[in-house]
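Novice: So the working numbering is basically just the index in the sequence shown, starting at one, shifted up by 455.
Honestly, I wouldn't trust all of these hints.
Using C-beta positions, here's what the derived DEER-type ranges look like [claimed, not checked]: (1) 472 with 542: 26 to 32 Å; (2) 503 with 470: 14 to 20 Å; (3) 549 with 510: 16 to 22 Å; (4) 565 with 480: 15 to 21 Å; (5) 548 with 528: 16 to 22 Å; (6) 500 with 551: 21 to 27 Å; (7) 498 with 457: 34 to 40 Å; (8) 518 with 459: 18 to 24 Å.
In silico SDA-like links for lysine to any residue, alpha-carbon gap of 25 Å or less [said to hold, decoys possible]: (9) 563 with 476; (10) 505 with 567; (11) 502 with 491; (12) 546 with 476; (13) 537 with 472; (14) 546 with 565; (15) 505 with 494; (16) 499 with 535; (17) 552 with 458; (18) 540 with 567; (19) 540 with 521; (20) 505 with 472.
Don't read these hints as lab results, they were simulated from the structure.
We treat Cβ as the ideally placed atom computed from N, Cα and C, and that holds for glycine.
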Amino acid sequence: MNDTLQEEWTRVEKMVEEKFGEDIDVRGILFLIGVQELGKGYRKFTKDQKLEVIHIAICKLLSQYNYYEYMGVDEDGWPHYKETKKLPSLKPGEQLKVMKSAIVEYFKESGDLV
Numbered sequence: 456m457n458d459t460l461q462e463e464w465t466r467v468e469k470m471v472e473e474k475f476g477e478d479i480d481v482r483g484i485l486f487l488i489g490v491q492e493l494g495k496g497y498r499k500f501t502k503d504q505k506l507e508v509i510h511i512a513i514c515k516l517l518s519q520y521n522y523y524e525y526m527g528v529d530e531d532g533w534p535h536y537k538e539t540k541k542l543p544s545l546k547p548g549e550q551l552k553v554m555k556s557a558i559v560e561y562f563k564e565s566g567d568l569v
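I would like the entire structure built from these sequences, with the hints used as guidance.
Specialist: Structure representation (structure tokens):
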């Protein structure tokens with residue numbers, strides 16, 4: 456990870472820790488973003504719903520890079536995306552770097568990270 460991304464990621468971690476009072480990993484941050492994008496506030500989710508919430512976050516984040524396109528919400532209010540282009544084959548470390556970069560951009564766009 457380059458120095459700028461590492462610095463910005465550290466700021467994201469610090470911001471999340473200040474808001475929630477604990478250190479949250481990438482998967483936890485994805486869950487928080489998914490809950491935000493779902494727009495129903497926090498509630499109890501089943502295990503399958505938790506995976507869907509994380510999937511919402513991943514689609515939202517990767518839509519910044521034109522890999523997904525927002526299609527709207529279903530009758531239950533859950534957002535749906537369609538894949539617009541295939542994701543490149545990345546090694547796990549590269550995948551993590553892309554996710555961290557997308558998370559940083561998400562928080563910059565939301566105004567939470569200046």
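Novice: Which numbered hints are broken by the structure, listed smallest first?
Specialist: Violated: hints 2, 5, 12, 13, 14 and 18.
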